[in-house]
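> The residues making up each chain are set out below.
Protein chains: 2
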Amino acid sequence: MNKEAIKKQFKDFVKRKGLKFTSQRESILEEILNVKGHFEIEDMVKRIKEKNIPVSRATVYRTLNILKEMGLVNEVIKYKNKTIYEISLKQHHDHLICTKCGSIIEFSEEEIEKLQDKICKEYGFKPETHRLEIFGICKNCR
Amino acid sequence: MNKEAIKKQFKDFVKRKGLKFTSQRESILEEILNVKGHFEIEDMVKRIKEKNIPVSRATVYRTLNILKEMGLVNEVIKYKNKTIYEISLKQHHDHLICTKCGSIIEFSEEEIEKLQDKICKEYGFKPETHRLEIFGICKNCR
DNA sequence: ATGGTTGCAAAATGTTTGCAATGGC
DNA sequence: GCCATTGCAAACATTTTGCAACCAT
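Here the protein sequences line up with chains A and B, keeping their order.
Going by the working numbering, the first residue of the first sequence is number 195, and it counts up by one from there.
Going by the working numbering, the first residue of the second sequence is number 195, and it counts up by one from there.
The set of hints was computed from the structure by calculation and includes no laboratory data.
All C-beta atoms, glycine included, are put in the ideal place defined by N, C-alpha and C.
Please note: incorrect hints may appear among the correct ones.
List time: in silico DSS-like cross-link candidates among lysine-lysine, alpha-carbon distance up to 25 Å [said to hold, decoys possible]:
#1 B/K240 / A/K315
#2 B/K294 / B/K230
#3 A/K214 / A/K262
#4 A/K240 / B/K274
#5 A/K333 / A/K262
#6 A/K276 / B/K276
#7 B/K308 / A/K276
For the chain B half of the interface with chain A, some residues (derived, Cβ under 7 Å), not all of them [what the hints assert, rightly or not]:
#8 K274
#9 K276
#10 C295
#11 G296
#12 S297
#13 F301
#14 E305
#15 I306
#16 I313
#17 Y317
#18 G318
#19 E322
#20 H324
#21 I328
#22 C332
#23 K333
Covered by chain B, per the in silico footprint, the following chain A stretches (three or more residues, Cβ under 8 Å) [to be verified]:
#24 213-226
#25 297-308
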């Protein structure tokens, strides 16, 4: 999906909720779309400050919450008391996190998804999202 | 494993590291052993305060870090910016977390563990711990 | 006696919020 | 013009830390 289509999707979502499509929200979305992989909010704030885009930290946090609700970004990892997000355009995947260098490697495994569904059924649990994080030492750091 | 054995194990670990086995550390460990399931640090602090055990918040945090390093407790969940711990005596398991009532259900699935090992091998990644959290709505809340 | 440990309060970190001014629609 | 939104700073929540007094070994 291209950027314009996503932007429109966001605009529609916002309007449907009776909210407004402001220049700040647009800027934040654009910045997020520029990032390929994962990001932390504080990095996003810094990036925005560096580009002199007039958006405050509070607005970044508030917009991220809307985007999360909309499902365009996912809270993927909680590590060292920080939340790391990613844009959720790709197929679902999970993460290997190197405890030495902090690098994050993505993987996806259809089998694991299936097993999770099976388990949820067993417990009468209706899954919304999930997060599988494997912590360890990556190839480079070994 | 019984409490005394665990306590000894902790004592040995601490000494091996050139640290000291203090009454505060002992009290904290005892309190943790009294809890069956999961706990948040602040709850632990409250519990300790209520029992008039002379241990400060800072010491609870510091001791938890030692216990985590030792592998006796695991950071199991990061949810709403809180860390939830559990004692890691039982077999490894993962969690279903109800986003409505906050209840945590444990499950374990041998197959998932195996698949994770397989993936780590593929990536040359040496796993240390992992965390699988499935968020959704539990049976009761549906 | 030595050097790790404690409690305290202050600081650090990440995130949320109240409020007056602003700006979509 | 209405009402959501913004920026700011203050508030919050969780966790860490500097330091002087303390205590296990």
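> Under the criterion of a CB-CB separation shorter than 7 Å, is B/K276 in contact with chain A as hinted?
10 Å, violated
> Can we keep the B/E322 interface hint, with Cβ of chain A closer than 7 Å?
Since chain A brings a Cβ to about 4 Å from B/E322, closer than 7 Å, the hint holds.
> Please verify that hint: B/F301, Cβ, nearest Cβ of chain A, below 7 Å or not.
Hint holds; B/F301 Cβ to chain A Cβ min 5 Å, cut 7 Å.
> Verify the proposed pairing of B/K308 with A/K276, using a straight-line Cα cut of 25 Å.
29 Å, violated
> Checking hints one by one. Is B/K333 an interface residue toward chain A, by the C-beta closer than 7 Å rule?
4 Å, holds
> Mind checking the CB of B/S297 against every CB in chain A and telling me if the closest is under 7 Å?
With a closest approach of 10 Å, the B/S297 hint is violated.
> Does B/I328 meet its interface restraint, that is, does its C-beta lie within less than 7 Å of any C-beta in chain A?
4 Å, holds
> A closest beta-carbon separation below 7 Å is what the hint needs, so does B/C332 meet it against chain A?
Holds. Min distance 6 Å.
> Would you check the hint for A/K276 and B/K276, treating anything up to 25 Å between C-alpha atoms as holding?
11 Å, holds
> Close enough to count: is the Cβ of B/K274 nearer than 7 Å to one in chain A?
Given a least distance of 10 Å, the restraint on B/K274 is violated.
> Given the hint that B/K240 pairs with A/K315, does the C-alpha gap stay at or below 25 Å?
36 Å, violated
> How about the segment 297-308 of chain A: do at least three of its residues have a C-beta closer than 8 Å to a C-beta of chain B?
Since 5 is at least three, the answer is holds.
Hints 1, 5, 7, 8, 9, 10, 11, 12, 24 from the earlier list are contradicted by this structure; the remaining hints agree with it.
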